[in-house]
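Going down the list, the protein sequences come from chains L and A. One gets our numbering by counting positions in the first sequence from 1 and adding 1 to each. One gets our numbering by counting positions in the second sequence from 1 and adding 1 to each.
Honestly, the hints are just simulated from the structure, not real lab data. Note that the coordinates shown come from a computational prediction; the quantities given were computed from them, not determined experimentally. In this text, a Cβ means the ideal position worked out from N, Cα and C, and glycines have one as well. There may be inaccurate statements among the hints.
[As the list claims (entries may be wrong)] With a cut-off of at most 27 Å between alpha-carbon atoms, the simulated DSS-like pairs for lysine-lysine come out as follows:
id, chain 1, residue 1, chain 2, residue 2
1, L, K152, L, K266
2, A, K69, L, K383
3, L, K266, L, K390
4, A, K95, L, K152
[Said to hold, decoys possible] The following residues of chain A were derived to be distant from chain L, with all beta-carbon distances above 12 Å:
id, residue
5, F169
6, D190
7, A292
What follows is each chain in one-letter form.
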Amino acid sequence: MTALHLAKSALLAVPLWLLISSLLRFKPSWLRHLASLAAGFGVAALATLAMPPGILSYVTTFILVACIYAVLSVGLNVQWGYTGLFNIGIAAFYAIGAFTSALVTTKMPTGINASFTKQLFGLGLPFWVGVLAAGLVAGVLAWLVGKPTLKLRDDYLAIATIGIAELVRLFFQNERWLANGPQPLRGIPQPLSCLVGDGCSWLPGFVNSFFAPLAPRDYPYVYVAIVALVLYLIYRVLERAIRSPWGRALRAVREEEASAAMNGKDVAAFRMQAFVVGAVIMGLGGALYAHYVVSIDYSHFDPLYGTFLVWVMLMLGGSGNNRGAILGAFVVWAIWSGTSFVVDAIRPTLAAISPSLPARGPYLRLLFISVLLVFIVLYRPKGIVPEEKVVSLDRDT
Amino acid sequence: MERFRRAASGRTGMVVALAFVLLVIVVAAVLKGVGATQLLSLFIRGVLLGGTLALGAIGVTLVFSVLKMANFAHGDTMTLGAYLGLVVVTLLPKGAPLAPFSFGYEFIVALLVVIPAVGLITFGLDQLAFRPLRARRSPAIMFAMAALGLAFGIRSLVYIFWGADFTFFYTGRARPAVELFAGIRVRPDQFFILGLAIVLIVGVYLLLERTKIGKAMRATADNSDLARLSGIDTKRVILWTWLIGGGLAAAGGMLYGLDVQLRPEMGWWLLLPLFASVILGSLGNAYGALAGAFVIGIVWQMSGAFINPVYSQGIAFLVMIIVLLVRPEGLFGGKK
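Bound-form chain L, shown alone (with noise of 0.2 Å):
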């Protein structure tokens, strides 16, 4: 085992970590996130071992998408599962996340660059506060959208976001000043991005001289651990919320409206927080989207992949559970990518139908996974990991 090797696997730990000790189920906890480490620095090391570099490269670029949209699942399952929300525009939230995040900490382009890249403001600030300022602005953005659709029928929040989502989209696209128009807002800083380069001079130099193997372009190893991270921070937030009085209260309003109401619960600002919390974890799934790929522009908000996917996602897995919303993530974002490897392998047999369909192979995987959903809508409505009925017993809080 070489000092890459175990580079890597310390990284890869984290996530490993994290999964098991959400499903292991004993006390006292700090034992259990011991022994969670343990394993799953041991699987991580003998992935690392086992795999070609490649390989390894590859799964971990998997997880980490996955896990961004993990975010976003989870941040649906909030507005959809436990509220009932029907939101469309997924893709409005998770752009403005991206873009602000990018706004705060890029730095204002100098010299030639400044004609190349035209932006309303770069504060240059730390990743983190992007990380904030993506899920208030998000937020901000859910209150105004929620305000005048939220009291209404369902159908017409639907309808209300699906045209926040391609407003958004189109303002990015043509409005020049604020985030470069159609050419892609470049150069967006990658968090703790100094352990694959020179070392970070505020880190001890033995963490430093830990990570100095790894090459910039294993970055994801280093990221891959920081959206875990985040997605747990989340997850665990989340899970108290549901089990806590405001959870309940969602759910009830979700299931019987008129009973919540007259239970003295203010339905219509539970419905705002709902659909507010949603928001802001979408908007925080668009900041790391953004720090990831480093440099963004409007075309990657579509409704296919900004929106779409999501709700495919949390369906599978199961509305009304956090679980079930991560595992939905990471099975649609298997298939999606598996997909296009069956793609690449009858690409020949598509040749020889006509010559024009290899090209359109992807909307192959398209067709599957909209009828997928109707699949799931018509035979398993409640996924994969259906929603615990009761919630609230003390069991592992």
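Given the structure of chain L, go ahead and fit chain A onto it with the hints provided.
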């Protein structure tokens, strides 16, 4: 204050609000130095667009009133109609353009083939996706979600068969505009579009008001359980709802494609103005949808005088939000 609120949320209040929107548009355009001729010609183009929108909006509202579901696949049904029309037009031998229009007889044939075909396709999709949900008495929102899945499914088929690029019914054929009066130029095609839209809408009016099946549809919309108890064949009603809704959508898609272009995303982009029209004219009210479509069409085109036309969709959205704030039940809805 209370009196003011009540007045504002009345039908008059809403008409005043819409008139105000139109006034703001005109003032903004005049301030920007747009001439009266151009404003008038935008107005006329808005009316023409309204005709196309109305074909889609009537379907949305009909499906909503009879089947109690928001059909988010309606926009993509329009796309499907346009592309199936393209298939027919391409397969038939090309005839000379029917002057002064830019299309030949084959476009008319395509309309006659595609309207019933798409009506039957939407009925088939209904039997596959929505009938099981009806049998289970699923909540309305699950219908909307299945419709969303269908919308993306239809769009992916369009991508697979025709590719992602935009196209025309007649590539490379000139579509000259003629002068109507006082420097206002319109393409003859656009008159055909409006004329056909009016013919189809009148046809639907007669069907709903004068025939037995129309009466049955209205009864089912009113109270479907009661309708079934009174011996109305609800299956037949559902078939006719889709034949009319899907057929009109197909016609709307073909006409929109003739006027602008065919794109796989065209229907998805029309979904927002369609629902804005329907909400403006009260959900479930066919004549309201008609009026709403013309309002949205006019506001959409005229706003292009002073803002970047890419945001016209945003104006439709804005009108919808105003309606939701002032009078959510729409122009023709009764107070609940």
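What are the numbers of the hints that this structure violates, sorted from low to high? Per hint list: single violation, 4.
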